[in-house]
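Student: Those sequence lines, one after another, are chains C and A. Numbering follows the numbering used here, in which position 87 of the first sequence is assigned residue number 87; successive positions increment by one, without gaps. Each position in the second sequence, counted from 1, maps to that position plus 1000 in the numbering used here.
Any given hint might turn out to be false.
Unchecked claim - Each pair of labels, with its calculated beta carbon distance range: (1) Leu1066/A x Val15/C: 23 to 31 Å; (2) Met1093/A x Ala8/C: 40 to 48 Å; (3) Glu1101/A x Pro32/C: 17 to 25 Å.
Said to hold, decoys possible - According to the in silico footprint, chain C covers these stretches of chain A (three or more CB under 8 Å from chain C): (4) 1021-1029; (5) 1047-1053; (6) 1066-1077.
Think of the hints as simulated: they come from the structure by calculation, not from any bench. Note that the coordinates shown come from a computational prediction; the quantities given were computed from them, not determined experimentally. Ideal Cβ placement from N, Cα and C applies to all residues, glycine included.
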Amino acid sequence: MASDLLGAVLNGAIVLTAALTLFAGYRVVRGPTVPDRVVALDTIATNVVAIAGLYALTTGEGLFVTVSLVLAIIGFISTIAVSQYVIEGDIIE
Amino acid sequence: MNAIQQFVVAALVAVGSFFLLIGTVGLLRFPDVYNRMHASSKATTLGASSILLAGFAYYGPQGAGLTSLVGIVFLFLTAPTGAHLISRSAHKMGVPFYGQEAEWPEEVDEPGSD
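With these hints in hand, go ahead and build the complete structure from the sequences.
Tutor: Have a look at this one:
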């Protein structure tokens, strides 16, 4: 009984988060300035972290929690790199 | 896994999905890059942290649950840092505010600031 509730909540959360990631892609395509696109890509990265965590809960595979941590690190480094590239013109002088 | 644990996991996942929804709606609807950054950096971080906390409640204090706690600490450290960097680069690019009411404060000459 309770397991059915948990499975329904997890599936609904995965569908909702995937839809939100697609909607954030609208801001990537449309966004007027470059920082808008960077903010949208950062939001997409955080949503993908949440999707990996939800997938770890759905399948019971604990490895995907580590996958979400690696995705968070990649998102942070890419945000730093793009924000440096936008104002400086290059990343490593 | 008993019923209380399942209920706690379901509640944390629901709260996390709600905050992710709030953050993405703010990203889509706010008129300015600074406002959008405010919404996404705070609400989305809370949502992902709540889902990782559900992972901690699911897996227990060892193995993947401990990795979830490390992920929460990492998100809380890096999301404000990234948002600050984006706003700083937007300010240096000269992205204006929405509307005429808000302005940047006066530039103060400090030693060491560029």
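Student: Of the hints stated earlier, which fail here?
Tutor: none
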